[in-house]
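Peer 1: Sequence:
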Amino acid sequence: MSEMLEKILSDENIRFAKKRVYANKGASGVDGVTVRELDEYMAQNWEGIKQQIRERRYRPQPVLRVEIPKPNGGVRKLGIPTVVDRTIEQGITQVLSPIFEPLFSDHSYGFRPNRSCEQAIRKLLEYFNEDYTWIVDIDLEKFFDNVPQDKLMSYVGRVIHDGDTESLIRKYLKAGVMVKGKYESTKVGTPQGGNLSPLLSNIMLNELDKELERRELRFTRYADDCVIVVKSEAAAKRVMYSVTSWIERKLGLKVNATKTHITKPTKLKYLGFGFWKSKEGWRARPHEDSVAKFKRAIKKLCKRSWSVNLTYRIEKINAVTRGWINYFALGDMKTKLQSIDEHLRLQMRIIIWKQWKVPKKREWGLKKLGVKPWIAHETSYIKGYMKAARLPQITKAISKEKLTKRGLVSPLDYYLNQHTLKLN
1 MSEMLEKILS DENIRFAKKR VYANKGASGV DGVTVRELDE YMAQNWEGIK QQIRERRYRP
61 QPVLRVEIPK PNGGVRKLGI PTVVDRTIEQ GITQVLSPIF EPLFSDHSYG FRPNRSCEQA
121 IRKLLEYFNE DYTWIVDIDL EKFFDNVPQD KLMSYVGRVI HDGDTESLIR KYLKAGVMVK
181 GKYESTKVGT PQGGNLSPLL SNIMLNELDK ELERRELRFT RYADDCVIVV KSEAAAKRVM
241 YSVTSWIERK LGLKVNATKT HITKPTKLKY LGFGFWKSKE GWRARPHEDS VAKFKRAIKK
301 LCKRSWSVNL TYRIEKINAV TRGWINYFAL GDMKTKLQSI DEHLRLQMRI IIWKQWKVPK
361 KREWGLKKLG VKPWIAHETS YIKGYMKAAR LPQITKAISK EKLTKRGLVS PLDYYLNQHT
421 LKLN
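Quick note: the sequence shown uses the UniProt record's numbering, first residue 1, plus one each step.
Any given hint might turn out to be false.
Below, computed lysine to aspartate or glutamate pairings styled on EDC-like, alpha-carbon distance capped at 16 Å [to be verified]: (1) Lys254 with Glu118; (2) Lys142 with Glu315; (3) Lys368 with Glu315; (4) Lys142 with Asp225; (5) Lys422 with Glu207; (6) Lys180 with Glu67; (7) Lys151 with Glu207; (8) Lys231 with Glu216; (9) Lys299 with Glu280; (10) Lys254 with Glu216; (11) Lys396 with Glu363; (12) Lys295 with Asp224.
FYI, nobody ran anything at the bench for these hints, they're computed from the structure.
Please put together the full structure from these sequences, using the hints given.
Peer 2: So, in structure tokens, the structure goes:
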């Protein structure tokens, strides 16, 4: 057995891989073993699995395919490997990443240590402010499903030169998927939902990065989201034709001819961001689609029919608020968040009013919040949640300060704090 494979299977490497799998959580795969059961399962079976891998007899389980409905119709296909295969894939990734990382392009920002979406957006803004404002937005059709496996493995093999490790990776490529109880083979594509897929995608598309660098083009790539920027429409047309042709010819990937297009910054949606020009230059902000998605998430958590206590509801709302704003904190969105902030407080007042249910409880609640007894008594008989929530006495009683004290994060205040940190 090779030294590299021994390193992948080492106790220390697998222990760290398990920690990553635990941290990522996720559902169980086709074997039904959960993340919680991983330790016990590995204690009973790992020595046997390890021996099978050493002897090239191990067969990864098929990936469980699930379909998640999209808000605008259609479905998003997700792959769920077993927790054991997730652990092994993570173990492979931990050993291979340090080998490939120095070979990757500075223009690649996705799924890499110390690289982020924010850096990709900053670089793009830098290009725009240098007048590279004609954009070739390349769409690789179902990239992860269409990667030519032999070509990918040739790129892996020419760097690692290790037959044992290459054999194991190829088995993950060939593991197949289970769709509604039926097995489907995977002759193309990378393992869905696994920890290995992001690294393999970067290995594949590093070939594109190097070609674009050879042509001295300015670009940013985050996983399979790649945009190239030039200074004229004529140059954009030339680049779009020659680069798409090169991708299909040399990499064997499919370019979506309908979605690949030439555009300008104000019409571009990239990594969830949109772009606009201020007096100081080009700026980023969350794209309208991203804002709408955030609003939908908040609306779902504010449903009056959701029978949970206020503390739990606030925790869930705060998690969504922080996550979304942390991602988009670089962008300009003060005005939008002012509106969202006010609407969220209105919804919270409606929820509290509904939870109080009867006039007696409402009167008690208002008095506890400092409303004069006679006003509390009269207000407690108001019908209609929206009507009540908009009343000055209720707005004052269930104020921003009171909701903050209760634990609710203000989207606007949180953004202003995070945005300032990004600018500094």
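Peer 1: Each hint should be assessed against the structure and marked as holding or not.
Peer 2: We went through each hint and held it up to the structure:
1. Among the hinted pairs, Lys254 with Glu118 is inconsistent with the structure: their alpha-carbon atoms are about 28 Å apart, more than 16 Å.
2. Our distance criterion of 16 Å between C-alpha atoms is broken by Lys142 and Glu315, whose separation comes to about 36 Å.
3. At most 16 Å may separate the alpha-carbon atoms for a hinted pair to count; Lys368 and Glu315 exceed this at roughly 23 Å.
4. The straight-line distance between the Cα atoms of Lys142 and Asp225 is roughly 11 Å, inside the 16 Å bound, and the hint therefore holds.
5. Distance restraint check for Lys422 and Glu207: the Cα-Cα separation of roughly 32 Å exceeds the 16 Å cut-off, and the hinted pair is therefore not satisfied.
6. Note on Lys180 and Glu67: the hinted pairing holds, with a Cα-Cα distance of about 10 Å set against a maximum of 16 Å.
7. Of the pairs offered as hints, the one joining Lys151 and Glu207 holds, with about 11 Å between alpha carbons and a cut-off of 16 Å not exceeded.
8. Restraint check for Lys231 and Glu216: the C-alpha separation of about 13 Å stays at or below 16 Å, so the hint holds.
9. As the CA atoms of Lys299 and Glu280 are separated by approximately 35 Å, the hinted pair breaks the 16 Å bound.
10. Straight-line distance between C-alpha atoms of Lys254 and Glu216 comes to about 23 Å, which puts the hinted pair past the 16 Å bound.
11. For a cut-off of 16 Å, the pair hint linking Lys396 to Glu363 stands: about 15 Å separates their Cα positions.
12. Between Lys295 and Asp224, the direct Cα distance comes to roughly 27 Å. Violation of the 16 Å bound is thereby established for this hinted pair.
The structure fails to meet hints 1, 2, 3, 5, 9, 10, 12 from the earlier list, while all remaining hints are met.
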